[in-house]
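So the protein sequences, as listed, match chains A and B. With the first letter of the first sequence counted as 1, position 174 gets the number 174 in our numbering; the numbers rise by one all the way through. With the first letter of the second sequence counted as 1, position 170 gets the number 170 in our numbering; the numbers rise by one all the way through.
Bear in mind the hints are in silico, worked out from the structure with no lab data behind them. All residues carry an ideal CB built from backbone N, CA and C; glycine is no exception. One should not assume that every hint holds.
Claimed, not checked - When the alpha-carbon atoms are kept at most 27 Å apart in a straight line, the in silico DSSO-like pairs for lysine-lysine are as follows:
| no. | chain 1 | residue 1 | chain 2 | residue 2 |
| --- | --- | --- | --- | --- |
| 1 | B | LYS217 | A | LYS6 |
| 2 | A | LYS4 | B | LYS212 |
| 3 | B | LYS217 | B | LYS205 |
| 4 | B | LYS128 | A | LYS2 |
| 5 | B | LYS212 | B | LYS128 |
| 6 | B | LYS190 | A | LYS3 |
| 7 | A | LYS6 | B | LYS205 |
| 8 | B | LYS128 | A | LYS3 |
| 9 | B | LYS128 | B | LYS205 |
| 10 | B | LYS128 | B | LYS190 |
| 11 | A | LYS98 | A | LYS3 |
| 12 | A | LYS98 | B | LYS217 |
| 13 | B | LYS128 | B | LYS217 |
| 14 | A | LYS2 | A | LYS98 |
| 15 | B | LYS190 | B | LYS205 |
Claimed, not checked - Covered by chain B, per the in silico footprint, the following chain A stretches (three or more residues, Cβ under 8 Å):
| no. | segment |
| --- | --- |
| 16 | 201-212 |
| 17 | 223-235 |
| 18 | 245-252 |
Said to hold, decoys possible - Restraint ranges, calculated between C-beta atoms of paired labels, are given here:
| no. | chain 1 | residue 1 | chain 2 | residue 2 | range |
| --- | --- | --- | --- | --- | --- |
| 19 | A | THR160 | B | LEU11 | 21 to 29 Å |
| 20 | A | THR8 | B | LEU290 | 46 to 54 Å |
| 21 | A | CYS177 | B | LEU200 | 45 to 53 Å |
| 22 | A | VAL39 | B | VAL94 | 46 to 54 Å |
| 23 | B | LEU97 | A | GLU47 | 47 to 55 Å |
| 24 | B | ASP267 | A | GLN174 | 49 to 57 Å |
| 25 | B | ARG228 | A | SER172 | 44 to 52 Å |
| 26 | B | VAL2 | A | CYS177 | 43 to 51 Å |
| 27 | B | LEU21 | A | THR8 | 40 to 48 Å |
| 28 | A | PHE101 | B | ASN172 | 45 to 53 Å |
| 29 | A | PHE95 | B | LYS205 | 36 to 44 Å |
| 30 | B | ARG228 | A | ALA262 | 33 to 41 Å |
| 31 | B | ASN172 | A | ALA40 | 31 to 39 Å |
| 32 | B | GLN10 | A | ASN97 | 19 to 27 Å |
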Amino acid sequence: MKKKIKLTIMSCLVVLIIFMAIFATYICPYDPYEQDLSVAYQAPGLEHLMGTDAYGRDMFSRVIIGGQVSILSTLALVAIIAVFGTTIGIICGYFGNKVDFVVMRISDLCLAFPGLVFALAVAAILGGGIVNAVIALAVISWPKYSRVARGLTLSIKDSTYIEAAKLAGDNSLQIICRHVIPNIIGPIIVTATLDIGTMMMEIAGLSFLGLGAQPPVAEWGSMMSNGRSMLQTYPWVVLSPGIAIFISVVIFNLFGDTLRDAVDPKNVSQSFSK
Amino acid sequence: MVYIIKRVLQLIPILFAITFLSFAMMRLAGSDVVEQKMLNTGQVISETQLEMAREQLGLNSPFLVQYFRWLGNLLHGDMGVSYVSGKDVFETFVSKLPATILLTATSIALTVIISIPLGVISAVYQNKFIDYVIRFFSFIGNSLPNFFVSLVLMYFLGIKLGWLPIISKDINSTSIIMPTLTLAIAMSSKYLRQVRTTVLDELSKDYIVGAKARGVKFSITLMGSVLRATLVTIITLLALSIGSLLGGTAIVESIFMWDGVGKMAVDAINMRDYPIIQAYVMWMAIIYVLVNLITDLSYRFLDPRIRLGDRES
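Model the full assembly from the supplied sequences, consistent with the hints where possible.
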């Protein structure tokens, strides 16, 4: 019962964050891109909750708009890799053979490099931009899902209900859609949820290095990077987006942990939770 | 022995694939390196000059020819010259290594010092107050991006308290503290959880009860048997971390102006300095492959129950 309450609270917080990201433009008290040098570098106060930056832009509005970019691109990234990786994993697990061997070696290669290094290289080739940062991270992150999906598919492939479906004349596609996917989707969703926080930090990291979102687009990582030189004199310019990242990551991580405990404490092993 | 040879032979196609990929990636990048190089010098240049430069760099030959020429040179230890500085890539690379190796060593050491005792304490006092406190901090540490940690450390230790230099002008005992702390905070929060889980697993085994029944002091069981059993986990984690740390932590090195390979890679990427990027990717590949090999082999010495070769499946 206690778990249920916890899950409800965490779900509400997650919905709230996503809601804020989607309707960011309506929540901002000021125009996040409007420059007004007469109010540059104001300390946080009632007028400007998080102060203003070098161009007099309201930090609170920029943090909220930045959340739109950071959070929506993270969710898009996780959705892409979860769907793509799972599809590949199911195909490998269900059909096996040569395809399986080749795809698993490719995923070995992708897993080989430490994530950010490879993403750096991909982002460097494609150039900056938040879409390219998402592509770069997607290229290196899908194998995790194909590993999980493949393992789960293998574990249920020979079970009697699949045999029964085969005898009843279902073709492979029908079996995968009706029996395989519903049975393996739980752990995949948990893995994806636990991944959101990490991915958010990686996107922000790429942006911080100048390989993600480009100025003037407000994005938490690039906002922190741009404000770096002002750390000494106007720390709020750097710390507000940092705290925003931290809070969002905490909420998504807590949600992931709660969801994992609620779904099945045994089913998802520790190794996927990082 | 057969297993070791087999493992080493398996590395060859992997390394080959990685060289090809890293070469292809950079060549297909789309942005014109010659223009980039000329732009870096800030001069106005004509199309003929561009063409000459392309010819000189061998960029007009077919792709595969370029690849094999590059691979051949690589085998002779010749990685070309940097497009930006004009210096030898291999020498540039080697000159950046000591800083990264030093940072790797200090942050691994600090991580071990933090995460093993805390992980063990957390497991021994499971669900007691101290366990909750440790887990709370590990959760917080896991949710902080390292660039945020760096900046917060800079703000408090460097600016507010003025204890440490903000930017490392050179490598010395004070400039290494903040980058080390940043890396160790992130790694320890991750690893003390793993140590805790492993110790909990171990503590629930029968031999612990057996030892207790024989009157062996708990601290002796803990220090002797339990710690030894958790070594496999710890070694795996450390190996993985050493691998990624030796690659230079791009973000932390850039923030603290730590002159290692990570910062070199970021700079090279921004300048589209392909030879340096390629050298970097090759370095990462070699580290990864070696670390994996050593980890697999070290299991055997730590836990004879693991039969090498079985791990393949």
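Right, here's what the structure says about each hint:
At most 27 Å may separate the alpha-carbon atoms for a hinted pair to count; B/LYS217 and A/LYS6 exceed this at roughly 40 Å. In summary, the hint linking A/LYS4 to B/LYS212 is not supported, as the alpha carbons are separated by about 39 Å, beyond the 27 Å threshold. Under the criterion of a C-alpha separation no larger than 27 Å, the hint pairing B/LYS217 with B/LYS205 is consistent with the structure, at around 16 Å. Proposed proximity of B/LYS128 and A/LYS2 is supported: the alpha carbons are some 19 Å apart, at most 27 Å.
Taking the CA atoms of B/LYS212 and B/LYS128, the gap is near 21 Å; set against the 27 Å cutoff, the hint holds. Distance hint between B/LYS190 and A/LYS3 is fulfilled; the C-alpha atoms sit about 24 Å from each other, no more than 27 Å. For the given pair, A/LYS6 sits about 32 Å from B/LYS205 by alpha-carbon distance, which is inconsistent with the 27 Å threshold. A distance of roughly 20 Å separates the Cα atoms of B/LYS128 and A/LYS3; the hinted pair therefore holds under the 27 Å criterion.
A threshold of 27 Å between alpha carbons decides the hint, and for B/LYS128 with B/LYS205 the separation of about 21 Å falls inside it, so the pair holds. Only pairs whose Cα atoms come within 27 Å are accepted, and B/LYS128 paired with B/LYS190 is accepted, the gap being roughly 20 Å. Between A/LYS98 and A/LYS3 the alpha-carbon distance is near 44 Å, which puts this suggested pair outside the 27 Å criterion. Between A/LYS98 and B/LYS217 the CA atoms are separated by roughly 55 Å; this puts the pair beyond 27 Å, and the hint is violated.
A hinted pair counts as satisfied when its Cα atoms are at most 27 Å apart, and B/LYS128 with B/LYS217 qualifies at roughly 21 Å. A hinted pair counts as satisfied when its Cα atoms are at most 27 Å apart, and A/LYS2 with A/LYS98 does not qualify at roughly 48 Å. Note on B/LYS190 and B/LYS205: the hinted pairing holds, with a Cα-Cα distance of about 24 Å set against a maximum of 27 Å. Against chain B, the segment 201-212 of chain A contributes 7 residues with a C-beta closer than 8 Å to a partner C-beta. That satisfies the three-residue criterion, and the hint holds.
Requiring three or more residues with a Cβ within less than 8 Å of a Cβ of chain B, the coverage given for the segment 223-235 of chain A holds, as 6 such residues are present. With 4 residues having a Cβ less than 8 Å from any Cβ of chain B, the segment 245-252 of chain A passes the three-residue criterion, so the hint holds. Taking the beta carbon of each, A/THR160 and B/LEU11 are about 42 Å apart, not inside 21 to 29 Å as hinted. A hinted range of 46 to 54 Å for the beta carbons of A/THR8 and B/LEU290 is consistent with their spacing of about 49 Å.
Here the CB-CB span from A/CYS177 to B/LEU200 is close to 40 Å, at odds with the stated 45 to 53 Å. The supplied range of 46 to 54 Å is met by A/VAL39 and B/VAL94, whose beta-carbon atoms lie about 51 Å from each other. With their beta carbons about 51 Å apart, B/LEU97 and A/GLU47 fall inside the hinted range of 47 to 55 Å. Against the hinted window of 49 to 57 Å, the Cβ-Cβ separation of B/ASP267 and A/GLN174 comes to about 54 Å, which satisfies the hint.
At roughly 49 Å, the beta-carbon separation of B/ARG228 and A/SER172 lies within the given 44 to 52 Å, and the hint holds. The hinted window of 43 to 51 Å between B/VAL2 and A/CYS177 holds, with their beta carbons roughly 45 Å apart. Evaluation of the 40 to 48 Å hint for B/LEU21 and A/THR8 yields a pass: the beta carbon distance comes to about 47 Å. Distance hint for A/PHE101 and B/ASN172: a CB-CB separation of about 51 Å, consistent with the stated range 45 to 53 Å.
Between A/PHE95 and B/LYS205 the C-beta distance comes to about 40 Å, which sits within the given range of 36 to 44 Å. Between B/ARG228 and A/ALA262 the beta carbons are some 36 Å apart, a value that agrees with the proposed interval 33 to 41 Å. Checked against the hint of 31 to 39 Å, the C-beta distance between B/ASN172 and A/ALA40 comes to roughly 37 Å, which is consistent with it. Checked against the hint of 19 to 27 Å, the C-beta distance between B/GLN10 and A/ASN97 comes to roughly 21 Å, which is consistent with it.
Consistency note: the structure conflicts with the earlier hints numbered 1, 2, 7, 11, 12, 14, 19 and 21.
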